[in-house]
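Colleague: Construct all of the structure, not just a fragment, from the sequences and the given hints.
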Amino acid sequence: MATVVQAIRLALHVGETRLGVTDVFGQDIGPPLGGVFTQTQGLRTAWNTPLDERGIVGTAIGLALAGQRPVAEIQFCDYAFNVIDLLKLAGGMCWSSAGDFNCPLVLMTPVGAGIHGSIYHSHSFDAQATRLAGWKVVVPSNPLDAYGLMLSAIVDPNPVMYLPPKALLRMKAGPGEHIPGEPNDDRALSRMIDAPLGDRSNWSPKWPDVEDVFVPLGQARIAREGREVTVVTYGRMVVIALQASAELAKEGIEIEVVDLRTLAPYDWQSVERSVRKTHRILCVNEDTAITNFGEHIVRRVTEELFYELYAPPKLLAGAHVPGIGLADSIEHASVPHVGSVTKALRELALHEP
Amino acid sequence: MTSLTAFEIAGGDDTSLAPERLVRLYDVMLRARCLEERMLRMHKQGDGAFWVGGPGEEALNASLGLLVHKGEGPHFDYLHLHYRSGATLLAMGADPVDSLRQMMSTATDPYSRGRNFCHHYAVRKWNVIPISSAIEVQFSMAPGTALANKRAGGHGITIVQGGDAGTAEGDFATCMIWCSRPHHELPCLMIIANNGWGISTPAEEQHSEKHIADRAAAFGIKSAVIDGNDAEVAYRELKKAMDYVRVERRPFVLEAKVSRLYGHSSSSGGNFVPNEEDCVSLLEQKLAERKLLTKQAVEELRRRYSRELLEAVKRVRIEPMPEGKDAGRHVYAEQDVVGAAESRARSPAGRLGAS
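Residue numbers (my numbering), protein chains in the order written: chain A, 1 to 353; chain B, 1001 to 1355.
Derived by calculation from the structure, the hints in this document are not laboratory data.
Values in this document were obtained by computation on a predicted structure and should not be read as measured data.
There may be inaccurate statements among the hints.
One side of the interface only, derived from the structure: several residues of chain A facing chain B at Cβ under 10 Å [stated by the list, open to error]: (1) Gly20; (2) Thr49; (3) Gly58; (4) Gly67; (5) Asp85; (6) Met93; (7) Cys94; (8) Phe101; (9) Asn102; (10) Gly134; (11) Pro157.
Glycine included, C-beta positions come from ideal geometry on N, C-alpha and C.
Modeller: Here it is, written out as structure tokens:
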């Protein structure tokens, strides 16, 4: 059973062998390291670049416009801020040329807190990404989605931002998250595709014969069914929302967890359907709270489903501080966690209209 | 040494610049100048919200357009141009009336359907990458198309052009670094049209380097500094630089000193600057001295082009404007159009990653 990071690697392998991916590149992406999280180990088309985010994104755009299929990486999303104009350029390539060009590239950059990453390895990029019209934006929350969303991102004719949560990269697949064709024994998979420690110059991976699974972009997943409160979330907070829901189930409170998976274009129908069922909604993510993507969902729910609501729609998000502090106490106070999500959901469930 | 036969057919054997070729170059330069002058008047008459363009760069830009290996996909040249490149497009065969359409933001504007400023071209069939107002971003994209050119294995190169002020942006360094990675050099010609200005700020107040092109030496990139106002020099040196990149599959930096004859844009008035060299007049004098084109013939041409453009403006004025509902079109592409040409030409996959 693959972890999230192994699932990404398997997807990129499928990409370069069956889906036309020509380049997987970025800082430390090629051999010997294969990515700081091992996400690109053993890939045939992986190569190292200068430490230059503008060059990474610019070259990805150039390759895409010339008919190649690049997957580029910015090592941490915290380092994507100096390419925001190039991201705007990529997102506007089709629109500004009135459809004469499209820009088919995947930009992956890991997001979020939870790994003791301090100020420059913990931030989120959700809201920034969704403000870049013309991009599709995906955030996987488990290995199977990490795999299937990447395959869909690769074949999409548009620029797709792929934002894996760092804290989930080592998370193993749960029930129903098996990638068809991968070995059931995770140690067997590791022996096949994880590079050995030390000298790797003679190592090459033995790729399992995994099948194509395309998770459609723009389609949410109901991660848990419930009838009392809807929680709309994505990425790492899906796992936390599921933990909170399990806690609350013991109290007889049934939570429905909507995992958006794609933030742009997002699946409004799934949100709407769930809110019409539960009449209560909590949006959870770890990005800073002001001008937050969950805030948008709250606004739209308020405007379009106001008379469906039994309680004020709520947002639980990160503190509006410049970074995530290193000390546990500071990080704990800066992003939602099982305790705060459980509390917010309980309050919503018990709210009397 | 790779054979250049295909390019000798396309571009001609032009290092000596035969008289007919020189007259052809002048003709494009003059048409480009007449187009700029018409667009400036249009702006002043309210036919267009904004003007920015390239009067003063015609010798360089028209030469580029005549020399480019034009087509779609990585076997042809990619062009990452800037908003002063109108003469390049005309030399490649673009219809000047389409520039008027973009100037007036009509629905018939083929480059952006009324979305972008004038001279912001985007022509997939000729590998003209959409021009952005953002200064220097084209230099960050150029290594990508150059890598595709190199992989395709033909003669196609990438040409990226910007001004002098923009080279202060990191993107210029990005382009030089990425195009000169050891053992992975890329066929990319970087052109700096140095007019000595960044909007209202003189270059000598901000830059201490003698020549911008001197920076290339640090990366082992060959370079040249040329008089871009002399059409013969511009054409010849551009041809030499392009041939070098085409054959050697390595980068080159060409810095051309040019004029900026109507200021930065309409925002700075768009008035003629009398104290800078005019490449069109200079070439006119040469042609007259060599008895290749009389003053009378030049005047006749100028009148004809001006009249044709004026008549075209009247026609374009009554063409449809975009509708508000069009704003939401093309946010996402429905299909992969840029991949189509490449997949037809794609060579068998080897180890692609490194180049």
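Colleague: Give a verdict on every hint.
Modeller: Comparing the hints with the structure gives:
The interface hint given for glycine 20 of chain A is met, as the beta carbon of that residue sits about 8 Å from the closest beta carbon of chain B, less than 10 Å. The restraint placing threonine 49 of chain A at the interface with chain B holds, with a minimum CB-CB distance near 8 Å, inside the 10 Å limit. The restraint placing glycine 58 of chain A at the interface with chain B holds, with a minimum CB-CB distance near 3 Å, inside the 10 Å limit. Taking 10 Å as the C-beta cut-off, the interface hint given for glycine 67 of chain A holds, the closest approach to chain B being about 2 Å.
Using the Cβ-Cβ criterion of 10 Å, the hint placing aspartate 85 of chain A at the interface with chain B is satisfied: the shortest such distance is roughly 6 Å. Annotation: interface hint on methionine 93 of chain A holds; nearest CB of chain B at approximately 6 Å, less than 10 Å. Hint on cysteine 94 of chain A holds. Least Cβ distance to chain B is approximately 5 Å, under the 10 Å limit. Satisfaction of the interface hint for phenylalanine 101 of chain A is found here, the shortest Cβ-Cβ separation to chain B being roughly 6 Å, below the 10 Å cut-off.
Taken as an interface hint, asparagine 102 of chain A checks out: its beta carbon lies about 3 Å from the nearest beta carbon of chain B, inside 10 Å. At its closest, the beta carbon of glycine 134 of chain A sits 6 Å from a beta carbon of chain B; the interface hint therefore holds under the 10 Å criterion. Below 10 Å, beta-carbon pairs count as interface contacts, and proline 157 of chain A has one with chain B at about 4 Å; its hint therefore holds.
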